[in-house]
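Number of protein chains: 2
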Amino acid sequence: MKAIAVTREERDLRVVEKPRPEPDAGEALVEVLRVGVDGTDHEVIRGGHGGFPEGEDHMVLGHEAVGVVADANGTDLEEGQVVVPTVRRPPNGTNEYFERGEPDMAPPGEYVERGIEGGHGFMAEYVTSPAEYLVAIPEELAELGFLVEPASISEKAFELAEAARSSFEWTPESAFVLGNGSLGLLTLAMLDDAGYDDLYCAGRRSRPDPTINVVDALDATYVNTEETAVADFADAYDPADFVYEATGYARHAFDSVRALAPNGVAALLGVPGGEWDVEVDAAAYHREVVLENKAVVGSVNSGVEHFEDGAETLQSLPEWLFDDLVTGVYGLDEFEKAFVDDETTIKTAVEFTTYEER
Amino acid sequence: MKAIAVTREERDLRVVEKPRPEPDAGEALVEVLRVGVDGTDHEVIRGGHGGFPEGEDHMVLGHEAVGVVADANGTDLEEGQVVVPTVRRPPNGTNEYFERGEPDMAPPGEYVERGIEGGHGFMAEYVTSPAEYLVAIPEELAELGFLVEPASISEKAFELAEAARSSFEWTPESAFVLGNGSLGLLTLAMLDDAGYDDLYCAGRRSRPDPTINVVDALDATYVNTEETAVADFADAYDPADFVYEATGYARHAFDSVRALAPNGVAALLGVPGGEWDVEVDAAAYHREVVLENKAVVGSVNSGVEHFEDGAETLQSLPEWLFDDLVTGVYGLDEFEKAFVDDETTIKTAVEFTTYEER
Numbered sequence: 001m002k003a004i005a006v007t008r009e010e011r012d013l014r015v016v017e018k019p020r021p022e023p024d025a026g027e028a029l030v031e032v033l034r035v036g037v038d039g040t041d042h043e044v045i046r047g048g049h050g051g052f053p054e055g056e057d058h059m060v061l062g063h064e065a066v067g068v069v070a071d072a073n074g075t076d077l078e079e080g081q082v083v084v085p086t087v088r089r090p091p092n093g094t095n096e097y098f099e100r101g102e103p104d105m106a107p108p109g110e111y112v113e114r115g116i117e118g119g120h121g122f123m124a125e126y127v128t129s130p131a132e133y134l135v136a137i138p139e140e141l142a143e144l145g146f147l148v149e150p151a152s153i154s155e156k157a158f159e160l161a162e163a164a165r166s167s168f169e170w171t172p173e174s175a176f177v178l179g180n181g182s183l184g185l186l187t188l189a190m191l192d193d194a195g196y197d198d199l200y201c202a203g204r205r206s207r208p209d210p211t212i213n214v215v216d217a218l219d220a221t222y223v224n225t226e227e228t229a230v231a232d233f234a235d236a237y238d239p240a241d242f243v244y245e246a247t248g249y250a251r252h253a254f255d256s257v258r259a260l261a262p263n264g265v266a267a268l269l270g271v272p273g274g275e276w277d278v279e280v281d282a283a284a285y286h287r288e289v290v291l292e293n294k295a296v297v298g299s300v301n302s303g304v305e306h307f308e309d310g311a312e313t314l315q316s317l318p319e320w321l322f323d324d325l326v327t328g329v330y331g332l333d334e335f336e337k338a339f340v341d342d343e344t345t346i347k348t349a350v351e352f353t354t355y356e357e358r
Numbered sequence: 001m002k003a004i005a006v007t008r009e010e011r012d013l014r015v016v017e018k019p020r021p022e023p024d025a026g027e028a029l030v031e032v033l034r035v036g037v038d039g040t041d042h043e044v045i046r047g048g049h050g051g052f053p054e055g056e057d058h059m060v061l062g063h064e065a066v067g068v069v070a071d072a073n074g075t076d077l078e079e080g081q082v083v084v085p086t087v088r089r090p091p092n093g094t095n096e097y098f099e100r101g102e103p104d105m106a107p108p109g110e111y112v113e114r115g116i117e118g119g120h121g122f123m124a125e126y127v128t129s130p131a132e133y134l135v136a137i138p139e140e141l142a143e144l145g146f147l148v149e150p151a152s153i154s155e156k157a158f159e160l161a162e163a164a165r166s167s168f169e170w171t172p173e174s175a176f177v178l179g180n181g182s183l184g185l186l187t188l189a190m191l192d193d194a195g196y197d198d199l200y201c202a203g204r205r206s207r208p209d210p211t212i213n214v215v216d217a218l219d220a221t222y223v224n225t226e227e228t229a230v231a232d233f234a235d236a237y238d239p240a241d242f243v244y245e246a247t248g249y250a251r252h253a254f255d256s257v258r259a260l261a262p263n264g265v266a267a268l269l270g271v272p273g274g275e276w277d278v279e280v281d282a283a284a285y286h287r288e289v290v291l292e293n294k295a296v297v298g299s300v301n302s303g304v305e306h307f308e309d310g311a312e313t314l315q316s317l318p319e320w321l322f323d324d325l326v327t328g329v330y331g332l333d334e335f336e337k338a339f340v341d342d343e344t345t346i347k348t349a350v351e352f353t354t355y356e357e358r
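Read top to bottom, the protein sequences are chains A and B. Residue numbering for the first sequence follows full-length UniProt numbering, starting at 1 and increasing by one per position. Residue numbering for the second sequence follows full-length UniProt numbering, starting at 1 and increasing by one per position.
Bear in mind the hints are in silico, worked out from the structure with no lab data behind them. It is possible that part of the hints are untrue.
[Unchecked claim] Partial chain B-side listing against chain A, Cβ under 8 Å, derived: (1) 7; (2) 9; (3) 13; (4) 16; (5) 17; (6) 130; (7) 251; (8) 276; (9) 284; (10) 291; (11) 295.
All residues carry an ideal CB built from backbone N, CA and C; glycine is no exception.
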């Protein structure tokens, strides 16, 4: 079968020929339909993220997959069922986090991430996975199912943020999403769907721009950070009850808090690389967190329940959103196009087959 | 009646003569037994915190009081009942936070704090208060009831911190308290009572020292920050599941997070003054928060339920602790001694009368 892999030596992306995997006991064989491409994939290609599977000269890319069960192999799954695989697997045997169904809470070193760190990903005609990591989704999501993983990432962040405000009455009305990439825009739509009245989305681009069009279409306010820094957001607009950081711009760890209204919560999801010393008025930051009962939660990865929630949320989002978000779906013969990241690109996917043609 | 007040002009502390207050409808008259002294009082005296009640040339100090209902005045309280007043009052009329019983979640400007900001405190022979802000406590706590307010501060912080970790299985075993003042030590004992196995407490003092003796007696590990900075705690010891910041040292806003174990939470309670620019590796901080699912919560003040919880917790703490913590209780004639803050002082109170003698 064919797969798209990063090579260890050349660090380029190419189609490789691999044997079709055989499911072990407890595993199912999945025929892959589509696999989405995101910022993490670009980082993996650049070598700024993750590591290769042990002893391998390549790593199959891709962690946002949707497929169909081709061989249930005695598991509870049914052949023909549309499924989305979760990303983390136990590194050696298992550990407490996986045992209790919370792999997303495992600390670094206690997991492998398929397509990202230490494990082959899903950009292949077939993949195998333990059935417990295959989330069944409705047939109607066969085309858009590659968005379930990114949606699940936000479901988990929402859950952590809401939990952090659950000991008092918190009725958030405004949210500020930092980042106008595909995850930021999808999250903005999810927050709109969740009933937030005032939505803001920050990016560095100027109009005309397809991502800003999506912000506009969601009746959200676009905040050009070249004009209004995140640190100045609260003064320029109104402070937000919820801030969602999806850029990984290091300063945002602090500036997110400044953008918050009293009793608000900032969820940090972006992962900055390297080292970046910044000067912060630590006294003002500390004081603001305390006197205004603010909270910050970091959130990484997601578990089965977040995938289920993500699939449910996707079904209630408007169709125009997906038409605007998904700017390209490409077959294996032109897979490179899915990795072009220019100003007309929002979200792309590689298509191995379709639900109808498989 | 006599009261201890800070004067606006001279900014000194003196005994003033004031008319005994008359309870309005819905208010009770309370004969004050004892009022504790804490760091906030010292800041108020120095002028670094709060503001005087409108139009007054003095502010009665004190926010950690215990007293006895002298005149129930038609409220649900009973005369002779031991009570502790909460600290915040609505500034003008009321507002949503007070209406729903969450004055501690009111943002700055939406409250007056008795003895701290804009309202007379409790260091007086008699005080009045709306009955809803008087928390009934058992008679056995008549002497130590001035510790209910500080205990309530930590109860709220614990509640916020636990809520922030409530969306997954979190079984904290280790806690690191920053600050070996009376609040830090009381909190350390509360965490010990809550079942934490490994306790650490940070301070800047060296042995022999009475605060370190309390740390030792609680089987906790004393961390001298002159030797091991909070930022180095995780490497020198083990990272902690819970960090409680009670010093207001500005850098701790960030260093607390470095001291955390994966999935841990830091509660910030100290309030640094002024401006203090520090250099932080924002990328490392941001990355750590995200990849290890860490959380930070700010916590200020406390509500009626936290006072109730605090009173309950105090009753289960060992008696030796209070003998060690409370280094002096002084009558009005020598009230200045309660404001001496030297190396032999941990916690002091001013005594107006006793439960037996009133």
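Results for each hint:
1. 7: violated (26 Å)
2. 9: violated (28 Å)
3. 13: violated (25 Å)
4. 16: Constraint on residue 16 of chain B not satisfied, violated at 29 Å.
5. 17: violated (34 Å)
6. 130: Interface hint status for residue 130 of chain B: violated (21 Å vs cutoff 8 Å).
7. 251: holds (6 Å)
8. 276: holds (4 Å)
9. 284: holds (6 Å)
10. 291: Because about 5 Å separates residue 291 of chain B from the closest Cβ in chain A, which is inside the 8 Å limit, the hint holds.
11. 295: holds (5 Å)
Comparing the model with each numbered hint stated earlier shows that hints 1, 2, 3, 4, 5, 6 do not hold.
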